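Given chain A, work out where chain B with the ligands should sit, using these hints.
Each chain is listed here by its residues.
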Amino acid sequence: MSKIKSRVLIPKREPLERLKDFNEVALGYSEKEALEEASRCIQCPSKPCVQGCPVEIDIPRFIKLIRERRYEEAYKVIKDKCPIPAITGRVCPQEKQCEKLCTLAKFGKPIAIGALERFVADWAREKGVYIEVRNSNFNSKNGKIAVIGSGPAGIVVASDLLRLGYEVTIFEALHVPGGVLTYGIPEFRLPKRIVNDEIKCLVESGVNIELGFIVGKTITIYDLLKEFNAIFIGTGAGHPRFLEIPGENLSYIYTANEFLTRINLMKAYLFPYYDTPIRKGKYVAVIGGGNTAMDAARSALRLGAEKVFVLYRRTKSEMPARREEIANAEEEGVEFIFLVQPIEFIGNSLGAVSEIKLMKMRLGEPDETGRPKPIPTDETISIQVDVVINAIGFHPNPLVPMTTPEIKVDKRGRIIVDKEGRTTMPKVYAGGDIVVGEGTVIEAMGWGRIAARTIDRDMSFL
Amino acid sequence: MANSYRVLRKRILASGIKEMDIYAPRIARVAMPGQFIMVMADEGGERIPLTLVDWSKVEGWIRIVFQEVGVSTMKLGLFEPGESLYYVSGPHGTPTHVSKLNTVVIVAGGVAIAAAYPIAKAFRDVGSRVISIIGAKNSSLLIYEEEIKSVSTEIHISTDDGSRGIRGFTSDVLESLLASGLKPDLVWMVGPTIMMKVCSAIAKRYGVRAVASLNPIMVCGMGMCGACRIRVDGRIRFACFEGPEFDASSVEWDELILRLQMYREEEQLSLKRFLEGGGHI
Ligand SMILES: Cc1cc2nc3c(=O)[nH]c(=O)nc-3n(C[C@H](O)[C@H](O)[C@H](O)COP(=O)(O)OP(=O)(O)OC[C@H]3O[C@@H](n4cnc5c(N)ncnc54)[C@H](O)[C@@H]3O)c2cc1C
Ligand SMILES: Cc1cc2nc3c(=O)[nH]c(=O)nc-3n(C[C@H](O)[C@H](O)[C@H](O)COP(=O)(O)OP(=O)(O)OC[C@H]3O[C@@H](n4cnc5c(N)ncnc54)[C@H](O)[C@@H]3O)c2cc1C
Ligand code: FES
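So the sequences go chain by chain: A and B. Mapping to this note's numbering: the first sequence position 391 is 391, numbers consecutive. So this note's numbering is basically just the index in the second sequence, starting at one, shifted up by 1000.
Only chain B is shown next, with the shape it has when bound in the complex:
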C-alpha cells in the first residue's frame, strides 16, 4: 500500500527556508501552475498544504519551498535526500487561469515568492509582459530572486528594512507603479494575508482586476472537511478545491486572518513540546 515519496534534493535558501525535490511521478505528470500538494512528514504528522513550485514530468519529481514556522514544517525540514516522506497527495486545487494578457503584475512576499514562480513563468510562456514585485523582511530572507528574474520582464524588490531594493512593503511598490500610470490587466498575488489584503485594496482603488492565492488552514485538501472555508462575495467557498485562487476584491480578508490564528495556543504548545524533546522525529 505504501508509496515512496523520496526526497531527492534539498537546498537551504535562507535561514529556516528550504527547497526540496520529491520523487512523485504521478503528481509531476499532471501538475499545473497554481496547484498544491498535501504532505504528512510522518505518521503522526499533520496534513499540510504546500504549493507546487516546479516539477519535471520526464524525471518524475516535484519541488516545494517551505518556511519552518511550526512543528509540521520543522519536521519536514529534517528529511534528507534518500529518506521518504510518509504521504504526499496531489495535485490539489484548481490551476491558475493563464491566458495571454498584455501586462500582468505578480506580487509575492516572503516564502511565497517561490509559489509565484510557476505563475510568472506560465504568463511569460504564453507571451504576457510580466512585472514582478517581490519582497521580504530583509535581504537574507529574500529568496528566488534569480528564478523570478528569469521569467519576468521587469522585477521590483522591497525589504522591510531596506537592506535590499526599496525600503518598504511590496504593496508600496504596487501602489507607486499604479500611481505612475501602469495599467496592468491583472494583479496576481500570493503571500502573507495582510499583504494580500492591502494589495487587493490598492488594486481595487485603481480599478485593476486582482486575483489572490489564499492560504487558509486545511485538513483534507479535497472538499470533505470544510476547514479551508473562506467567504468570497458573501458566500462560503472551499479554498482547497474551488481555489486556492479567488477574485481578491471579493474576499473577506479579516475573517481569513482571524481563522488563521485559530490554533495559536495549540501550535505553541506543540512547538514547545517538540523543541524540548530535542526537535527530532
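With the rest of the complex left out, here is chain A:
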C-alpha cells in the first residue's frame, strides 16, 4: 500500500503576503489539481465517508463525477444534500468527519473531500450554474413555516421545507443574514460574497427573509404561531461568556463576538471607509484555544498588531481549534503561551487595559471532557497588552426562551429538544447551537435536516 499517492495540497497564499489584507488564504484547487486528487479515491462500495457527513452527501459519487469532468452533475449531487457547499467546503472540520472515516485515512492520506467539494461549488459559482432548490416533482404542501435565525441551521430547514413545497419565512435580527457565517468567521477563511451568493440562491428559490426582526421583541413566538403552522428556532449560541475576574470591563477588552462582529459584519477593518471603528492594538492577547480564538488572533494581526499572543490554559494538543487553523496562525506569526489562566486585568488612568496577570497552570487528571484538567500553580506572570480579546466561549442566545417560558431550557440555557428536534412547546422545533451549545456549521445543518423532516411528518398528521 506504500504506492498510495499523497494528497494534493490545497494552495495557500504566502504568510507575509496574506497578512497584508483580509482576502482568502486558501486558494482552492485548479482543475488539474482537483482531477489528480479525485483520481486517488478508491470508490469503496461501503462509502464510509458518507457516514461521517451529518448531511449525508453522496461523496464517492460526486468525486467520481469530478473524475469524469461532469462538474455540473457533481454539483447537483452535493447540492441535493447541502444547500451551501461553497461554505461547508471551506469551513467544515472534515478531518473529524468524512475524511476521518475515509479508507485512505488508515494510511494517513485521506482524500481531501472538503477541497474537492469547494472546487465543485466554486466551479458552479463561476459558471453561473444555478440549481433550483425546489425540485421538479414539487408538490405544494399547505403550510407556512417560520424559521428564526439565518445561520446554517435555519438555512437548511428553510431550504429543505421549501423543497417540499412549504412557504418559508426566515426572521433574522441583524441587517445581513448568515449567522456566524456572516458575523463570526472572517473574510480570509470565508469570503462574504460567497455567503451572500449562497443565500441569494435561497431567496431566488422562494425563501422569504425578513431582516431586523428580533423574535421575542419585534414579535413573540405566540404571535408567530397565529400566522405560521410551525416554527423552527435556530438562534445560535451567540451570548458571550466572561472570565469573571477583576478589570474585565476595562476599555479595549473585547469579547470575540464583538471584535469579530465589528470586523466582519460592520467592516471595521475598512474604517474609516466604513463608519464602525475598532481599536487596532500593538500588543494583543487572545484568551482561549478554539477556532474563535484563532480567527480573532489572525484578524488582529491583519489589523496591524506587532505581536499577538494566544493565551491557553492547557497545552497545544488539547486545543479545540482545527489543526489547520492552528498551523495557519503559527505560520502568520501568532505566538502561543500555554498553561496560563488570566486572573486579573490591569488598566491605566484612562481605563484602558495595559496588563494581564496570568496564573501558571499545570496539567492534572482528565476531567469530564476527557482532557487533562488545568490546575493552578502558585506562580504568576504578567504581560503588557493594549487590546485583549476574550474567546473563551458562548452561552446559548437567551432571548427567545426568556420571552417564551413554555420552551424549556437545560441548566446551561440550551433549548431542550427530543431526538427529532421538537421543543417542549407544541409546533415549535429547534436545532443548531441553541440546542447543542457550541457546535459546528455542519452539525447545525444536520439538526436543521432532522427538524425539517420532523416538521414535515408532524404537519402531515394535522
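Keep in mind that a hint or two might mislead.
[Unchecked claim] Think about it this way: if two alpha-carbon atoms lie no more than 25 Å apart in a straight line, the pair counts; the simulated DSS-like pairs of lysine-lysine are:
hint : chain 1 : residue 1 : chain 2 : residue 2
1    : A       : Lys141    : A       : Lys64
2    : A       : Lys316    : A       : Lys12
3    : A       : Lys280    : B       : Lys1272
4    : A       : Lys200    : A       : Lys20
5    : A       : Lys226    : B       : Lys1272
6    : B       : Lys1057   : A       : Lys282
7    : B       : Lys1272   : A       : Lys267
For the record, the hints were derived by calculation from the structure and aren't laboratory data. Small disclaimer: the values here were computed from a predicted structure and weren't measured.
Just chain B with the ligands now, with coordinates in the frame of chain A:
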C-alpha cells in the same frame, strides 16, 4: 429582503437636534416606554441606538430625537421625508417598569429630554404625580419643554448659563427639591452620564430610590456582542437587553464614563474625513 424605513416627517428642534418620524409599523405595534431602536443610516454606517420617543400603532410610525454629535448622527440628519433609512430594528431593551406611584421625579438633560417624554407620560397615564426637571446648556438648546409640560404635574427648568429657568444643573434642582422636603417614590433619570452620576449620588443621600437609563456604546443591541456591558452591583450586565434601565445607586459610573470615551480618536478621525468629504453620504 429589504424593508422600507421611510422618513415621514422631520423637524429641527434646535441647532443640531432633529426629530424624525419613521415608518416602521411592526415596531410601532409593540413599542413600550423605555425601549429603543438600532439604526443604520446607510449600508456602510454604524448601528446606533436611539430611544423611542413616541409612536403610533394605528399609523405605523415611530419618532426619534437625536443630536448630531458624530458621523452616524450627522448622516441620519441628512435624510429628508420620502427617503428611506438602510436599517431599523426594535424595539430593543426592557421597557420601563411603570406603576402608579404617589410622586415620580423625572430628571432629564440635553437631547435626552425627549427620551424622558414617554416615561413621564406613562407615569402620568397611570395616575402618578410627575415632577419633571429638565435642563440644557442654554435656552436655545432646550427642547421638548411643551411636550414634557403636557405630561407633568410640575416642571422645573435649568440652564448652565441661566438663559432659561434657574442657572445651574438639573442636579442642583433635584438637590433643592429633596432638601426642601420632597419625598418622591422614585427618581427616574436620563441624560449625560456625569449628570446621572451626580443625580444618583443625591438621591442616595436622601434615601430615594433612583433608576437611570444608561447609554453605553452598542453594536448588536441583542445580547450577542457585549459592547454595551456595564457593571451594576459588581456584576457584568448587558444594557441592551437587561437594560437600558438599572438601579442608579448600583451602577459603576466611572467605568461607564471611561468606556464611552473608548473611540474618541477614531470618532474624530471619522468626523474629519466625513466633513472634509463635504459632509454628505
Ligand atoms: C468565530 C467562529 C468561528 C467558527 N469557525 C467554524 C468553522 O471553521 N467550522 C465550523 O464548522 N464551525 C465553526 N464555528 C461554529 C459555527 O459557526 C456554529 O456552530 C454555527 O454557525 C451554528 O449555527 P446556527 O445556525 O445554530 O446559529 P448561528 O450561526 O449562530 O446563527 C444564529 C442566527 O440567529 C440570529 N438570532 C439570534 N436571536 C434571534 C432572535 N431572537 N430573532 C431573530 N434572529 C435571531 C442571529 O443573529 C444569527 O444570525 C465557528 C464559530 C465562531 C463563533
Ligand atoms: C439605549 C440608548 C439610547 C439612546 N438614545 C438616544 C437618543 O434618543 N438621542 C440621541 O441623540 N442619542 C441617543 N443615544 C446616544 C447615541 O446612540 C449616540 O449619540 C450615537 O451613537 C453617536 O454616534 P455618532 O457616530 O453620531 O457619534 P460618535 O462620534 O460615534 O460618538 C459620539 C459619542 O457618542 C457615544 N457613542 C458612540 N457610538 C455609540 C454607539 N454605537 N452607541 C451608543 N453611544 C455611542 C460615545 O460616547 C461617543 O463619544 C442613545 C444611546 C443608548 C445606548
Ligand atoms: S450591544 Fe451587543 S450585547 Fe449589548
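Hints and how they fare:
Between Lys141 of chain A and Lys64 of chain A the alpha-carbon distance is near 35 Å, which puts this suggested pair outside the 25 Å criterion. Taking the CA atoms of Lys316 of chain A and Lys12 of chain A, the gap is near 23 Å; set against the 25 Å cutoff, the hint holds. Taken as a hint, the Lys280 of chain A and Lys1272 of chain B pair is honoured in the structure, with Cα atoms around 19 Å apart against an allowance of 25 Å. A distance of roughly 30 Å separates the Cα atoms of Lys200 of chain A and Lys20 of chain A; the hinted pair therefore is violated under the 25 Å criterion.
Of the supplied pair hints, the one linking Lys226 of chain A and Lys1272 of chain B is violated, its CA atoms being roughly 50 Å apart against a limit of 25 Å. Restraint check for Lys1057 of chain B and Lys282 of chain A: not satisfied, since their Cα atoms lie roughly 50 Å apart, outside the 25 Å limit. In summary, the hint linking Lys1272 of chain B to Lys267 of chain A is supported, as the alpha carbons are separated by about 19 Å, within the 25 Å threshold.
Comparing the model with each earlier hint shows violations of hints 1, 4, 5 and 6; every other hint is respected.
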